[in-house]
Amino acid sequence: MNIFVIFGMGGAVGFLSGLFGIGGGFLLTPLLIFSGIPPAVSVATVTTQVVASSASAVVTYWRRKAIDLKLATILLAGGVFGSLIGVILFQVLQSVGQLDLVISLSYVTFLGAIGSLMLFESIRAIRRRKSGVAPKARRPGQHNWIHGLPLKVRFRRSKLYVSVIPVVALGAIIGFLGTVLGIGGGFMMVPALIYLLRVPTSIVIGTSLFQILFTMAAATIFHAMGTKTVDIVLAMTLMIGGVIGAQFGARMGQNLRGDQLRLLLALLVMGVGLRFAVDLLLIPEDLYSIAIRKGAGA
Amino acid sequence: MIHRTFLQPFLAAAVLFAACPPSGAQQKNDLVTSLSSDVVSIQSNFTGTEIVIFGQAQNIERQPNDPSSLDLAIVVEGPPQDITTRRKGRFLGVWVNRQAERFQHVPSFYAVASTIDIGAMADRDLLDELGIGLNHINLAVSGVSNVPLADRDDFRKAFIRLREETGLYSEQETSIQFLTDTMFRTNIPLPANIPVGEYKVKSFLFQKGEVVSSTEETLAVAKIGFEQITFELAQYYPLVYGLLAVGLAIFTGWLAGVIFRRD
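First to last, the sequence lines map onto chains L and Y.
When we follow the numbering used here, the leftmost residue of the first sequence carries the number 1, and every step to the right adds one.
When we follow the numbering used here, the leftmost residue of the second sequence carries the number 1001, and every step to the right adds one.
To spell it out: a stretch of chain Y is covered by chain L in this simulated footprint if at least three of its residues, at any positions, have a beta carbon under 8 Å from a beta carbon of chain L; those stretches are:
{"#": "1", "region": "1081 to 1094"}
{"#": "2", "region": "1152 to 1165"}
{"#": "3", "region": "1237 to 1250"}
Take a look, some chain Y residues computed to stay more than 10 Å from chain L by CB distance:
{"#": "4", "residue": "Asp1030"}
{"#": "5", "residue": "Leu1130"}
{"#": "6", "residue": "Ser1170"}
{"#": "7", "residue": "Gly1225"}
On the chain Y side, residues computed to face chain L include the following (Cβ under 10 Å):
{"#": "8", "residue": "Asn1097"}
{"#": "9", "residue": "Ala1100"}
{"#": "10", "residue": "Arg1102"}
{"#": "11", "residue": "Phe1103"}
{"#": "12", "residue": "Thr1230"}
{"#": "13", "residue": "Gly1257"}
Calculated directly from the structure, the hints in this document are not laboratory data.
Every residue, glycine too, gets a C-beta built ideally from N, C-alpha and C.
Sequences and hints are given; from them, build the entire structure.
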């Protein structure tokens, strides 16, 4: 494929990620798949690209000291474990020829669910703003079942006293999904940290980014060693395009309203999910496919 | 890109002329072949190339439609691979891979050129034995397969078709050109995606359906420079490759974070 097209795709997704304040993996991986790059290569290479985009943001949060290192480290331990399981599953699916199907089905499910949730939430927010009713304030002191679990640890930075079980589990689930689907998972991690663990919003993004950076670094290494589908040249092209695009996106994002941005993002996410669904349901152009299993170029 | 200069084919031809004494001095129907280059180097800007095969057959006296005339077939074969061919079917409304057939030790690259239609050169058994022609490649299947017997041929056809679409398999009948009565040449295109390894170039001289002479040469396809470094790292030192990818990514991200500092 043309290197400038790939650079452009990296730039476009980088722009959107800057605009919406997201990692962009869940847009970049589908874009690469739709443009004909094998799904396995797309997923593994985007894990590398996510390392670069989160590193770039982590620098800022590190400087502001908006990272809970203890929380991030425990999340990360779960994340590395989840990522390892992800690569093993990836290889098994590849050998039985069902990897592409599982990637597509997962994208349909996740993007469909998250897209519709975001759509309803943003429409409600826009209506509320127009009708002038103030949104209900969150009650941070509220507890849920998670706070009843054993093995509690104190996280001073986040002002939390919570069991490590949900923290490790959350890290593992996101590490697993990120490794199999080629996404950072920030769009799942941030709400989970806020609503399930009650991590303060000022800490949540930096902590999430820090954990994604190192989980995706582990995913890259596992993919390089296990599936051998990481393409350094492709990743470099994407990340350079991405970090430049993100700067323009971030500047533009400052002039748009939050709820409008979320509505746009919701439509985008649902569009990508729909595209995967259509590809699964329409009669394929070619029923046959080949995969090299052993020998030259395997 | 081919390693040597563009003069190479002509030099090869000149050498052939010099090497072949006047007819009669040698045994009849001797076949001599030479490649324009015995190394194909793949660099970052490699977009495919072609290899020129020159040769001379003593007393070839080609007469179209004359069964006693001599005919040539040249096969270029890449190193072997195991390849699984899969077919999608509908399952709960969704198109998924259902049946699979694994072909073992099939060539990763296959190109054949000939003077006449391959089917007219020899009988089917001999072509199968020598592997001359896309319909005569030995596609051995593994014992484990969920493909119904009646559909096996569809899988073979689909496999050959998919390989043809990527340019890795090709058949060019009547593409061997004669420069003189006895000297011939042909071009075999090598696409950008050719796998690396040791290739075989086999030439067969047929007369009345029998092979009267044959030659075999080797062609090395190798990556060089940056392509070679990344390829070998990824293949043989995957941990280093992974760490390198992560290192480059963190550096790129950090650099961008510093350059575009907003606060």
